[in-house]
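**Student:** Residue strings, one per chain:
2 protein chains.
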Amino acid sequence: MIDPEDDKTSSFIHRTTKQEPPRNIRRFLIGRPLETADEAHQTIGKRVGLAVFASDALSSTAYATQEILGVLAGAGTLGFGYVFPISLVIVGLLTIVVVSYEQIIHAYPNGGGAYIVAYDNLGRLPALAAAAALLVDYILTVSVSVSSGVAQITSAYPAIFELRVPLAIAFVAFITLINLRGVKESGAAFAIPSYFFIAIMFLMIGIGLLRLFNDSLGTVVDPPHVEHMGEAILTQAAFAFLLLHAFSNGTTALTGVEAISNGITAFREPRSRNAGITLILMAFILGTLFIGISYLARETHALPSEAETVISQLARTIFDGPGILYLCVIVGTTTILILAANTAFAGFPRLSAMLASDGFMPRQLTYRGSRLVYSYGIISLGAIASVLIVVFQASVTRLIPLYAIGVFLSFTIAQSGMARRWWRVGQLTPTEGTSKQRHELSYEKGWSFKMISNGFGAICTAIVMLVFAVTKFHDGAWVVLILTPLLIGIFMLIHRHYTKLATGLSLEHYGEPPPYMGRHRVIVPLSSVHQGTLAALRYARRLSDDITAVHISIEPGDTEKVRKRWDKWGQGTRLVIVDSPYRLFIEPLLVYIDEILTARQANEIITIVVPHFVPSQPIHKTLHMQTAEMLRRELLTTPGVVITEVPYQIP
Amino acid sequence: MIDPEDDKTSSFIHRTTKQEPPRNIRRFLIGRPLETADEAHQTIGKRVGLAVFASDALSSTAYATQEILGVLAGAGTLGFGYVFPISLVIVGLLTIVVVSYEQIIHAYPNGGGAYIVAYDNLGRLPALAAAAALLVDYILTVSVSVSSGVAQITSAYPAIFELRVPLAIAFVAFITLINLRGVKESGAAFAIPSYFFIAIMFLMIGIGLLRLFNDSLGTVVDPPHVEHMGEAILTQAAFAFLLLHAFSNGTTALTGVEAISNGITAFREPRSRNAGITLILMAFILGTLFIGISYLARETHALPSEAETVISQLARTIFDGPGILYLCVIVGTTTILILAANTAFAGFPRLSAMLASDGFMPRQLTYRGSRLVYSYGIISLGAIASVLIVVFQASVTRLIPLYAIGVFLSFTIAQSGMARRWWRVGQLTPTEGTSKQRHELSYEKGWSFKMISNGFGAICTAIVMLVFAVTKFHDGAWVVLILTPLLIGIFMLIHRHYTKLATGLSLEHYGEPPPYMGRHRVIVPLSSVHQGTLAALRYARRLSDDITAVHISIEPGDTEKVRKRWDKWGQGTRLVIVDSPYRLFIEPLLVYIDEILTARQANEIITIVVPHFVPSQPIHKTLHMQTAEMLRRELLTTPGVVITEVPYQIP
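So the sequences go chain by chain: A and B.
For what it's worth, the numbering used here labels the leading residue of the first sequence as 476, then goes sequentially.
For what it's worth, the numbering used here labels the leading residue of the second sequence as 476, then goes sequentially.
Simulated from the structure, these hints should not be mistaken for lab results.
Just to be clear, a hint being listed does not mean it is correct.
In this list, chains with the same sequence are indistinguishable; a pair is considered to hold if it fits within one copy or across any two.
[Unchecked claim] List time: in silico BS3-like cross-link candidates among lysine-lysine, alpha-carbon distance up to 25 angstroms: (1) K521 with K659; (2) K975 with K1043; (3) K947 with K1036; (4) K1036 with K920; (5) K1096 with K659.
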């Protein structure tokens, strides 16, 4: 196990330890630890990648059509006809966005999506804005998708309605745990339900279309009551606004498209290629399902309602009532809604690790746990989402359309960044390269076309975002508009802290002070004289001849005992007894130490040797005053002293 | 402020500091700090003492009569006639108990009541049983009395029923705060409501009796409906059981009588005399009120009911309807119910401090805060009582009769102890003394009479306790029967811990080991090389020449940086780099240290010098891994190492 090997300089010794994490309950839950060198084996292919990264995007087909219909109801029955053209426009937008992200994936193969693109091409602030929007989005995805999945379950079994919060948290905990086992395992675990959903939806749409062309498909039997059906004839402007509103609602279908760009590093090599193909596959499935559902919804006259989802109406119309296949659709939809959270678990930890390594989030987020995943990020996401679930009592479904605003902000920023990038590429000569930026650039043909396509995409998504902000402002979009700048502020504060720290500790202009040669004053605070305090004294005597023991006298009786015992055991060491008429312990000691610090000569050091009792069982801590602990905490913030703890244990 | 004064041995320096606790919000709330020497000024006289210690006992007059009538209702209307004779018997019992406690107060002027008496005369186990019963009693007194006071308020203002829990906790917090200001202040603050209650009750009873002899007192007009009125004629045995049950219910009037014996030290000198007179005064008032209320309740045909208290029925009968005086009675009763908690706050901290100084409870309980009161005890009592209020949602009134079982256990133990004491006194010759026990004994005349009176008292209270345990077992007396042994067990465990500690640290047979002369190995763990870690290295170089820096390599890139910098700044010090393929930090370091510990020679010391970053703001701690903290926690439990922290701060 130990392999000492002398290195080039005699003062370096290199050892390798195969020290594994201990076998405990954690290991049982998340699996055997992985070596850093195993990294390559933990990457995933296209099949698993689709299961991990598509579930969020695909789950939106479960409600996007309904969201459009819900707004169109404001224009009466005739309005419903617009659902199909609107869906076509949205799929067009999807195509633009996917093309952009395809470029991003190849341009930035180390992941980071909108954040990296913006950082590299637009500067820090847009990058942080994109990151903040995405992080909020990921958190909301988890709480909202799990809550809505649980809502589907409790509407089938109203008896467990009271259990919805613990149930939702159990789901979050389960997904958190699977993700702590690694992205590969989460993909494997959730591949079956994801592919099941895709299969059953294609089956439903396929049969639906067949029956439609057969003329054997009727309309929805016994449709649910629609709550806010418009009656009056709208003005042209109001109608345009309505269409815009319906369109923006439908764009929730695009949420989750950006996830792959953040998680490229999860893919097997050649990872850009693998990630890119997965993105295209995902977009194709998403677009087809969405268009299919919208088309069939119009043809079968499905209605938007809180009581029965459009998917449910479609399924029972296409499959002629609630049989086995209907049940499969419902179960598949519920499952994919919950699994949408899994995509967030793939994106959030990677993005936050990237922010952390740039110093915008706590550094702990870059730490990879025993399964090579960003454990702190995964656990944080699970915890914050659980808090939201508890606070909103798992009834956050109304937040569903909200977080799309954050996604569209990141779309806009990412595409603007790419447009800028192509512009800069175009400024280079074909042979020239640049390494000024974090990522090198070199001339590429067709830069102008790419710039225009990305620029157009940016404009489109920016418009959607604005429409969103206006139409949804009262429904809660303002929450995102507050949260995002707040998060950016926090990122900046954290960055300032790390920068200040790095400057403060830097060795750049560091003049090494001379070694300590002067007096070494040692102070030993003690409240009684026993084997533990004598052990501290024995250690102190090894350090220096200049030792002062200090006793803070609170009870005169105790002090008398200390004085007598010190006479016998103190070996002539000076004992200062400080009366404390107000029965304070820490404060008079600190005043005493401060006095000595003030009188200190340059190049002199002061060490406080604290006898520290360590109980054999942690519960026994409650039986002691923990003065050593309190003293240490106070002394740590006193510059100029070194704290030495001589622990003593009673077996 | 500093007054160094050479003592008999040259190595002692005695200093006095007038270091006062800082001026902060705490000081604003609980008042200016008091010097230990001020102790005598914090004692109370008879007048304030009565207000502090009598409120618990007096508050029981608010419900004792009703408790008796409630049981007698089982025998039909005729049964109510027995309320007066039963009350007379109870007052007889009160007299016996008070005589015993009068003796205890004079025999044990340092307080401690049943606990001290039992410890001194019966042994440890009975002493702990009495203490456990009393501590449980004090806690229940606080939660129950405050809850029942709040219940009276919310029955008058049903609108605030929902606020009963926060309201009750606010009352507990208020009483806690006042008690933290000192017993003198709590007495002063609560004297007016206590004396108001006494005055208004005497007025009510006096007018009642006058009108009764005038024949102008009628019976209760429009009496409340009685819930469980008996109909059938009872067998003689059943009737006897009923009377016994009624009697035991009525003995709740005696709760709180023991409080003074635990709190003698609160009184001004001559404290036994002052405490004794206060006890007699209290017993007289209690007996008179109780007898008076029971007598008038019988004469006015007051009925036991959940809907209207007996006191309320009496007041509106005597004062001819609900006028100002009626209101005064109700307000006074509500106030005294809440103030009963104050007596517990006088007793609990003193009793627990006594147990703590004997090593049966955490030593912190002996600590007197800035106002010379046992702050930890007061805060603990307030906290535990608040938890009970939250758990039982302030509806703990049904626990009222429960805790009397604990009180009677302590009565029985205290009186048995006193009987035993007189017996031992009788065995001495008039000139002989003994100092074997904690308290000295000397011959006293009339010991046999005293022994018989205490013995008789013990038998009486034991019978009441048994009746209580039997008649109230199902109502929850079993809770006390479980809690008391559990608490005794905890006391014993705590005592074992302290005893083991004292033995382990004792200097009795301690052979001082020779001073450290051997090698002083110093290990400096570091994760990067910067000003902070170089400061630790600089300190380490002062300690020893035998320094090893250890770097646990998690990220190869970081390690390369460490190696390069060490080459420049390490001053030739040996650096051991330990590869950690599983990205563990603490574990490989501990393994390395363990290896060195195993190879250690006798008389060699090993010091771990840990560079410890101290953020200027506590919130910044969240931005760091806290590895220094984790390492220290692990090392503290590793015998044989000394931990030195070299703190570094960034201003």
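**Student:** Which of the stated hints cannot be reconciled with the structure, identified by number in ascending sequence?
**Tutor:** Violated hints (numbers, rising): 3, 4 and 5; every other hint is consistent with the structure.
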